[in-house]
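Enquirer: Residue numbers (this note's numbering), protein chains in the order written: chain S, 1 to 378; chain R, 1 to 378.
Take the hints with a grain of salt, since some may be wrong.
Identical copies carry no separate label here, and so any pair may be met within one copy or between two of them.
Listed below are the simulated SDA-like cross-link pairs for lysine to any residue, each with C-alpha atoms no more than 20 Å apart in a straight line [what the hints assert, rightly or not]: (1) Lys91 to Phe290; (2) Lys91 to Thr264; (3) Lys91 to Pro263; (4) Lys91 to Ser262; (5) Lys91 to Arg298; (6) Lys316 to Arg298; (7) Lys359 to Leu37.
No wet-lab data here; the hints were simulated from the structure. Remember, predicted model here, so these are calculated numbers, not experimental data.
Protein chains: 2
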Amino acid sequence: MSRFSVTYSLAASSAQEARERAFDICVEQTVEFPYDLIAERWIRERLVGWVETVQRVGPGRYAAEVSYDEATTGGEATQFLNVLFGNTSIKPGIRVERITPSRGLLRALPGPRFGVRGFRGVTGVRRRPLLCSALKPMGLSARALAELAYRFARGGIDLIKDDHGLADQAFSPFEERIRRCAEAVRRANRETGGACLYVPNVSADAPQTLLRARTARHVGAGAVLLSAALTGFATMREVARDDRVALPVFFHPAFAGSFTASPTSGISHAALYGQLARLFGADASIFPSFGGRFAFTRDECRSIAEGCRLSMRAIKPCLPAPGGGMRFETVPQMVAFYGPDTIFLIGGGLFRYSPDITKACRDLRAAVQEAAAARRLR
Amino acid sequence: MSRFSVTYSLAASSAQEARERAFDICVEQTVEFPYDLIAERWIRERLVGWVETVQRVGPGRYAAEVSYDEATTGGEATQFLNVLFGNTSIKPGIRVERITPSRGLLRALPGPRFGVRGFRGVTGVRRRPLLCSALKPMGLSARALAELAYRFARGGIDLIKDDHGLADQAFSPFEERIRRCAEAVRRANRETGGACLYVPNVSADAPQTLLRARTARHVGAGAVLLSAALTGFATMREVARDDRVALPVFFHPAFAGSFTASPTSGISHAALYGQLARLFGADASIFPSFGGRFAFTRDECRSIAEGCRLSMRAIKPCLPAPGGGMRFETVPQMVAFYGPDTIFLIGGGLFRYSPDITKACRDLRAAVQEAAAARRLR
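The task is simple: from the sequences and hints, build the whole structure.
Expert: Put into C-alpha cells, the structure is as follows:
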C-alpha cells in the first residue's frame with residue numbers, strides 16, 4: 001500500500017507547536033483515539049498519519065505535509081474526503097492547501113473521463129478558448145428557454161448550460177426542458193453546421209441525479225452540470241464514471257463557497273475548485289472570476305486554473321470555467337490571463353450588450369477569437 | 001404556493017446598504033439575472049425573493065429575512081439547499097442564521113422519522129439522558145470491534161456507534177463488522193436484559209449509502225450514522241425516509257466544519273447542526289461540545305441544542321448529541337447544561353478512566369443517572 005499526502009496550513013506560534021498540531025491531524029483524521037492507548041503497533045506506526053514536513057510559510061502560519069496509508073480510505077471516494085478533512089474541518093485555523101494523490105487512490109478517483117483534449121474533441125474546437133452561456137432566468141417556460149438556447153447556438157456559442165437554479169420546477173419541468181433545449185440546439189447546429197453542446201443541470205436528490213444524467217444523454221445533451229457540494233462529491237464521480245452517461249461533466253460551485261470563505265480554514269481555492277473537482281470527475285470547473293460580482297482575487301483565480309492543470313499522476317487536466325467577470329471590454333484581458341484552454345462563461349453581459357442575443361453571441365465569439373489570435377502572434 | 005423564509009446576517013455600513021445586499025440575495029438565489037432585464041412580471045414579483053425585514057444586529061451587521069416562493073424548489077430537497085445558500089455561499093460576509101420552513105416544504109423535507117419521543121421509545125429509556133460510545137480505533141478487526149461493543153453493552157451504554165472513520169476497509173470490512181457488532185450487542189442484551197442499540201456508520205459513495213443502511217437494518221443494527229456533508233444532505237434524507245431502513249438516523253459533522261468556521265459567513269451552528277440536520281431527517285445530531293478538543297463555545301453549543309428542539313411546524317425535534325467534552329468530572333455540568341433530552345457521547349474519556357471498559361461504562365451511567373436525578377429534585 002502506498003501513501004497519499006495532504007498539505008495543510010495551520011496556525012502555530014512555533015515550529016514545535018506546528019509539529020504538534022500536525023500530529024493531532026494525523027490522529028484525528030485516522031484513529032481518533034488517544035495515541036498512547038493504542039495497543040497495536042501497526043496501527044500506531046502505519047495507520048496513524050505521518051508528519052512528513054513542517055515549514056514556516058508566514059507569521060504564525062506553517063505548512064505541514066501529512067501522509068496517509070491508502071488503506072484508511074478502503075478504496076472509497078467518500079472515505080477519502082473523510083480522511084482528507086472530516087473532523088479536522090471543525091478545528092479552527094487549519095486549511096487544506098494541496099493534495100498529492102497516490103497511485104492506488106486513482107482506482108477510486110480516476111478523474112475526468114474527457115479532460116481538456118477529450119472535451120475539445122467533443123466540441124470540435126481545437127485551439128481557441130470555449131464560450132459558454134446560461135439559460136435563465138428561472139421562471140421561463142421550457143419552450144422559452146429552448147428558444148433562447150436556439151438563439152445562443154445560432155450566434156456560435158460553444159456550450160449552453162442550464163442556470164444552476166433550473167431543477168424540476170413546475171414552470172419548466174426537467175424532462176420537457178431538456179428535450180426542448182437539446183432539440184433547439186440540434187436545429188441550430190443543422191442550420192449553422194456548428195457543434196454547440198447543450199449542458200443541462202442534473203443536480204437533484206439522491207438517486208435522481210444519475211437518472212437525470214442518463215436521461216440527458218438519452219435526449220441528446222452534450223454534457224451535464226452538477227453542483228457537487230449540494231449533491232455530494234461522490235455523486236458527481238458516479239455520474240462521471242457511468243457508461244450510460246459518458247458525457248463531459250461540469251462542476252458548479254453552488255453551496256461550496258463556505259469552504260473557501262476564510263484564508264486560514266476550509267480548503268484552498270486550488271485544492272477545491274481545481275484538484276477535488278478533477279479527482280471527482282469534472283472535465284470543467286466553474287468558479288466566479290475576479291472582475292465580476294463575486295470576490296475571488298486574481299491570485300485565487302490563477303491558483304484555480306493551476307489546480308485544474310497541474311500534474312496529478314494519470315489524472316487528466318480539466319478546463320477552468322471562470323464566470324461572472326466576462327464583459328465585452330474585458331475579453332482581451334481575460335483571454336491573456338486564463339489562456340486558451342479555458343471555458344469562458346458569460347450570461348448577464350450578453351443580455352446587457354444587445355437585445356439581439358444572436359448578434360451578441362457572434363460579436364463575443366469574434367472578440368474572443370481576435371484576442372486569442374493576437375495572443376498567439378505575440 | 002406559500003413562502004419559506006431565511007434570515008441571513010450580512011455586513012453593511014448602513015440600513016440602506018443592508019437592504020440592497022439583501023435584495024442582491026433575492027436575485028442571486030433565484031433568477032441570477034439582471035433584474036431590470038426580466039420581462040415577465042410574475043417572475044419579478046413572485047419568483048425573485050422578497051426582503052421581508054432588515055434589522056441592525058450589531059456594529060456593521062444586519063439581519064435580513066428573505067422569503068422565497070416554494071415553487072423555486074420544485075419540491076426537491078437539494079434544490080431547497082440551493083435556494084437557501086447556493087451561490088450566496090460564495091459571497092463574502094453573508095451567513096445563514098435561521099430557516100423558517102413553509103408547510104409545502106415539508107413534503108420534501110419531512111424531518112426525523114422518530115424524533116425525541118420515538119427515539120426514546122426504541123431505546124426504552126424514558127427520562128434520563130442517553131449515553132453513546134464509539135467503536136475505535138480504526139485498524140481493529142471486526143472481531144476486536146465486536147468484542148469492544150460487547151463490553152460497552154455489558155456496562156449499560158445505550159448506544160454504540162461506529163467511529164465515523166470506519167467505512168469498508170480491508171482490516172474491518174463493512175458487512176463483517178456490522179454482523180459481528182450487532183450480534184455482540186444482542187448477546188450482551190440477552191445477558192443484561194438491556195436494549196442497547198448498535199449504530200453503524202453507513203456513509204459511503206452514492207448509491208452505496210442506502211444499500212449499507214438497508215444491510216444494517218437487515219443484520220439487526222438499531223440506528224445508523226451518516227456524515228451528511230460527505231454524502232450529500234439529500235442522501236441522509238433518502239436513508240431517513242426509506243421504509244426498508246426505518247431506523248433512527250444520526251447526523252455526524254465530518255466535513256461540515258467549514259460552514260461554521262467564520263462568525264460572519266457560512267451557516268450558523270443552530271441552522272446547520274440543528275435545523276438542517278433535522279430537516280434532512282436526523283433523529284440525533286452529533287457535534288463537538290465545548291470543553292473538548294474542538295473549539296465550539298458554550299453559546300454555540302446552546303444554540304445547536306435549541307436548533308434541535310425549536311418548533312418547526314410538524315417537524316419533530318431531534319436529540320442533540322454533544323461529543324468530545326464528556327469526562328467523568330464534567331458529568332453534572334454537562335447534564336445541567338444540555339438537559340435530559342440529550343445523547344452524551346463519550347469515547348476517549350472512558351478508556352482513560354479505566355482499562356476495565358465495562359466498569360467504566362457502569363460508573364459513567366451511574367454518574368449520569370445521579371446527575372439527572374439531582375437535577376429533577378432541584
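Enquirer: Which holds for lysine 316 with arginine 298 at a C-alpha limit of 20 Å: within a copy, between copies, both or neither?
Expert: neither (24 Å within a copy, 46 Å between copies)
Enquirer: Please sort lysine 91 with proline 263 into within, between, both or neither, judging by C-alpha distance up to 20 Å.
Expert: Both: 14 Å inside a copy, 14 Å across copies.
Enquirer: Indicate which option fits the pair lysine 91, serine 262 if close means a Cα-Cα distance not exceeding 20 Å: within, between, both or neither.
Expert: Both ways: lysine 91 and serine 262 sit 13 Å apart in one copy and 12 Å across, limit 20 Å.
Enquirer: As a check of your reading, is lysine 359 near leucine 37 (CA-CA no more than 20 Å) within one copy, between copies, both or neither?
Expert: Close across copies (17 Å), not inside one copy (71 Å); limit 20 Å.
Enquirer: Could you place lysine 91 and arginine 298 in one of the four classes (within, between, both, neither) given a Cα distance threshold of 20 Å?
Expert: between (28 Å within a copy, 16 Å between copies)
Enquirer: Are the CA atoms of lysine 91 and phenylalanine 290 at most 20 Å apart within a copy, between copies, both, or neither?
Expert: between (29 Å within a copy, 12 Å between copies)
Enquirer: When no copy is named, should lysine 91 and threonine 264 be tagged within, between, both, or neither for a Cα gap of at most 20 Å?
Expert: both (11 Å within a copy, 17 Å between copies)
In summary, the structure is inconsistent with hint 6 from the numbered list given earlier, while agreeing with all the others.
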